[in-house]
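Undergrad: Sequence:
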Amino acid sequence: MSALRNTLILILLAALISGCGAMRQDPTRDWSASQLYEEAKAALERGNYDQAVEHYETLEARFPFGRHAQQGQLEIAYAYYKAQEPEMAIAAIDRFLQMNPRHPHADYAYYLRGLTNYERDQSFLNRWVPQDQARRDPVPLRTAFEDFGTLLQYFPDSRYAQDSRERMVRLRNMLAAHEMHVADFYMRRGAWLAAAQRGRYVLEHYDGSGAVPDALEIMVRAYRELDMDDLAEDALRVLRQNFPNRADELAALPHGTSAPV
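Residue numbers for the sequence shown, in mature numbering (1 follows the signal peptide of the UniProt record, and there is no 0): -24 to -1, 1 to 237.
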């Protein structure tokens, strides 16, 4: 009787284990490459980015050389981008470009790379609360500028070219504003030479940006503090030629007036 009971217990345990295994069974195990791709794309369109990523990864693992897997390599990058996983998105884009350098959608890959870097340090909170763009980390912004520049260099007629140009203008202004933010930091601490160098950097690298008059004013103020009157007058002359109102205000200030801009 004891032996029979033990046998029944073993049968029940085996049934339970088998049932659990069936419950954990991958529902996509018999899906074709086409079905995996379509389900991934549908999940992407629904905004279910985690599900989309899972299906794209399964597609690439099971059918690495098919046409669906190749397209999926680019679409998974977009899924990562929308899921706010920039590192994974950049890795997927770089892998796609390395494997498909002449792909018809290579321009989009560079465009998506630029978008990802542009938004890399944008947290959920920053999307809803106004952020001082000058205080953002400039490294991903510079990288985004380079990405959009690469797109324009190799694909000047791309459908993404115009938007890339506009974004590069905004990025250029943001990077110049960042330099002025740093220069203002130096001015507040009496680091006149460092402040003047930041102003000069803006003139040399971001000519035409909205930060140029601020850069010139920083240079005038900083050089005056350093008793470099010739350099101060040179900067003031350029300021007067291009921004006469700002120059008049600054010329009226006595030497030693170093309040930050």
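Bear in mind the hints are in silico, worked out from the structure with no lab data behind them. Backbone N, C-alpha and C fix where the C-beta goes; we use that ideal spot for every residue, glycine too. Misleading hints may appear alongside valid ones.
[Stated by the list, open to error] Now the in silico label distances, taken between C-beta atoms and shown as ranges: (1) His79 to Pro220: 50 to 60 Å; (2) Lys58 to Gln129: 21 to 31 Å; (3) Asp210 to His79: 43 to 53 Å; (4) His79 to His181: 48 to 58 Å; (5) Pro3 to Val158: 46 to 56 Å.
Undergrad: Evaluate the given range 48 to 58 Å for the C-beta pair formed by histidine 79 and histidine 181.
TA: 33 Å Cβ-Cβ, so the 48 to 58 Å window is violated.
Undergrad: Quick check on a hinted range of 21 to 31 Å for lysine 58 and glutamine 129, using CB atoms only.
TA: holds, 27 Å
Undergrad: A range of 46 to 56 Å was offered for this pair. Does it hold for the Cβ distance of proline 3 and valine 158?
TA: Given about 54 Å between the Cβ atoms, the range holds.
Undergrad: Just to be sure I understand the hint, the distance between the Cβ atoms of histidine 79 and proline 220 should be within 50 to 60 Å; is that true here?
TA: holds, 52 Å
Undergrad: Verify the CB-CB distance for aspartate 210 and histidine 79 against the hinted window 43 to 53 Å.
TA: holds, 51 Å
Hint compliance for this structure: hint 4 alone is broken.
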